[in-house]
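Whenever a hint applies, use it, and build me the whole structure from the sequences.
Going line by line, the protein sequences match chains A and B.
Under the numbering used here, the first residue of the first sequence is numbered 778, with each subsequent residue one higher.
Under the numbering used here, the first residue of the second sequence is numbered 6, with each subsequent residue one higher.
Everything labelled a hint here was simulated from the structure, so no lab data went into it.
We treat Cβ as the ideally placed atom computed from N, Cα and C, and that holds for glycine.
Incorrect hints may appear among the rest.
Calculated cross-link-like contacts (lysine-lysine; reagent style BS3-like; alpha-carbon spacing at most 25 Å) [to be verified]: (1) Lys1038(A) to Lys1115(A); (2) Lys1115(A) to Lys1194(A); (3) Lys62(B) to Lys1332(A); (4) Lys152(B) to Lys1332(A); (5) Lys1194(A) to Lys1285(A); (6) Lys796(A) to Lys1285(A).
Coverage of chain B stretches by chain A, computed from C-beta distances (three or more under 8 Å per stretch; other residues unrestricted) [stated by the list, open to error]: (7) 37 to 49; (8) 61 to 71; (9) 136 to 145.
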Amino acid sequence: MSNLVDFRTCPTTGLRVDKSAENLIKANAVAAVVFLSIGGLFGLLVALTRWPAVHFLPADWFYLALTAHGLDVLLVWIIFFEMAVLYFASAILLNSRLAGPRWAWTGFGLMLAGALITNVAVLRGQSSVMFTSYVPMQAEPAFYLGIILFAVGALIGCFVFFGTLVIAKQARTYEGSIPLVTFGALTAAIIAVFTIASGAIILIPTLLWSVGLVSHIDPLVYKTIWWAMGHSSQQINVSAHVAVWYAIAAMVFGAKPLSEKVSRMAFLMYILFLQLASAHHMLVEPGFSPEWKIFNTSYAMYLAVLGSMIHGMTVPGSIEAAQRARGLTKGMFEWLRKAPWGNPAFAGMFMSLVFFGFIGGISGVVMGTEQINLIMHNTLYVPGHFHGTVVAGTTLAFMAITYLLVPLIFRRELMMKKLASWQPYVFGIGVAGISLFMMGAGTLGVSRRHWDMTFADAQLPFDYPSAAYLMMGLNGIFAVLAAIGGLMFIVIVVGSVFFGRRLGQDEKPEYPEVPPQSAAVGHYGSSETLRIPGTVFLVGIFFVAFVLYYFVNWKYLSEVWPLS
Amino acid sequence: MAITPPSERIWWRQPIARVELIWICLAFTWGLIMFFMMIYWHGAGQQNLSSEAYQIKPERFAERAQAMIDNYQVREENGFPVVRPPAGSDVYLIARLWQWWPILELEKDQSYRLHLSSMDYQHGFSLQPVNINVQVHPGYDMVMTLKPDQAGEFGVVCNEFCGIGHHMMVGKIYVVE
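Pasting the structure below:
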């Protein structure tokens, strides 16, 4: 079989690259970026409508655009890109051929067909039910059918990934254990199987209900199982983008994990506990017991949060150790000051790390606290939180690694390098602003998924405080900034992929600079030599911010009406 | 490197650096504190949502709400009945496309058993500017004991998307001294 596989040798890494894996990575990445641009455009329209001074779309178009935005960026862009990550982390990093490329193409075709079907259903206007499609609100059958096809395609992709791991192991294409990045991708794929199974359990009956074959779907059951898909799919993102952080740290700095054992344990925590997060969405629903809520919402005593906090130290720690081993040892922060801030892969990755931790991570834990959820549920605090995790975290990390994939996989020189060096900052700051101002508006009570915060057409009057209007105006401004950053990304990447200079067969890309497999990095995994004071300081700031913000919100809660 | 197999084949025998170990212990302890904080609040805090809920047919819930309106209506406002039920009693608030029905008038520092249910889609009970937010499902009667501790006029916004009129769905609760 293997003699039928077409390989090339990568001039940068010396790895054998299976051409069919490479083509699949390209196809999935291109589809991902196409849907990112569609979904991003819808997102801009949503933000412009929620900007009170602009109030761009009419109500029906607003709810349509919001449904399409959630679907295209939260689901389609991210999962397509994750398929590319899975194939990269298996076939390419393990030096192996890809298992069943035909199956992988079938999966890709199903995902593409499903994404198109659901998008058409939404655009026809009869399926503005939001991404969550809570029953008993009903969309067109095609809406559910498209999502199911997309999920089946993604499931096939996961099994191609598993198959490739088996093939690589049997063919001994690598020595010892799989790389940490592949381990992270494996985590993502395992969670994906759970996620898709949950999706099938609830969406197939819902599809049958929408065509009239099932008479009733209980809204509480729907919501519990839907979020076993909806929230777990965000945990796929977390695993995948943490793997991407490690990958970029390795490719840009030659960084070696501080401890393989610790980092892998942290990924394992994700597999074991992240699925409980469906409970985050059920904290103010009728009938759930406090015991159920507390155990599940805390991922069994915050063990998955522990995993993220570990990565939050080991990723920057490994970069610091690599930089120090290279001689940047002055003071606490020379390693960080002299990091390649003009390299969009590093800049994007590092901002992703910081924003995911400080904005998305802390707000998620606070909002997921059983009682505190009362003062945040379904306010704009919720989208504020998940734009911090999924956009500032996942999307920014995926954009960052795209700058490495263009030369390495697409074999094109990156165009518009100056613009590229600015892109992560424009996008990152825009998204951080979106997150923070939505969280601010949510704290003031502003509802999410809401066309008119002035309630001009309501039978009874109500006014939000004027500070809330300021928040929404700022949110609009930063959304425009983020949209500009997104457009820059698309122009640079699409331009480079189609019109960039083709790299010669043995040519190493000069940009972004990828250091050779660094020999300078010694055995700093051992307990005697590790010195990472800068990281310790940063992690200390994070911890203090976390504790303070957590208790401030208990204070807020204690001020609302007593209820029991 | 993270993109190559671990350089030490027996990587699970490598010692963990002290700084990493300290961070793991600190993060784990913090997790425990946050976990027990939720349990502690059930005893010491005053904001704990009850888990009391019943399955109920929408018509049945509407009947109970209508009975309350018939007994305790005090006036009308913009076509909405304003109801002032006795302190400590069962109070019903209907969520439907696109109204919170009726308007309630409660006494400050008195407890009420508030029942919430939807006649159609899911809705979101968002009491403003207090900022208490609870999901309302059709077919479920959710009961909570609520004790307003400030007087004034409060808005009830719907914060779960419920169709094209979602942004017009506003209700009202008065709290009087």
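Each hint tested on the structure:
For the hint pairing Lys1038(A) with Lys1115(A), the CA-to-CA distance comes to about 29 Å; that exceeds 25 Å, so the pair is violated. Of the supplied pair hints, the one linking Lys1115(A) and Lys1194(A) holds, its CA atoms being roughly 19 Å apart against a limit of 25 Å. Straight-line distance between C-alpha atoms of Lys62(B) and Lys1332(A) comes to about 38 Å, which puts the hinted pair past the 25 Å bound. About 18 Å separates the Cα atoms of Lys152(B) and Lys1332(A), which keeps this hinted pair within 25 Å; it holds.
At roughly 17 Å between alpha-carbon atoms, Lys1194(A) and Lys1285(A) fall within 25 Å of each other, so this suggested pair holds. This hinted pair checks out: Lys796(A) and Lys1285(A) have alpha carbons roughly 18 Å apart, not beyond 25 Å. For the stretch 37 to 49 of chain B, the proposed coverage by chain A is satisfied: 8 residues have a C-beta within less than 8 Å of a C-beta in that chain, meeting the threshold of three. Under a criterion of three residues with beta carbons nearer than 8 Å to beta carbons of chain A, the stated coverage of the stretch 61 to 71 of chain B fails, only 0 such residues being counted.
Counting residues of the stretch 136 to 145 of chain B whose C-beta sits closer than 8 Å to any C-beta of chain A gives 9, which meets the bar of three, so the coverage hint holds.
Checked against the numbered hints given earlier, this structure breaks hints 1, 3 and 8; the rest are met.
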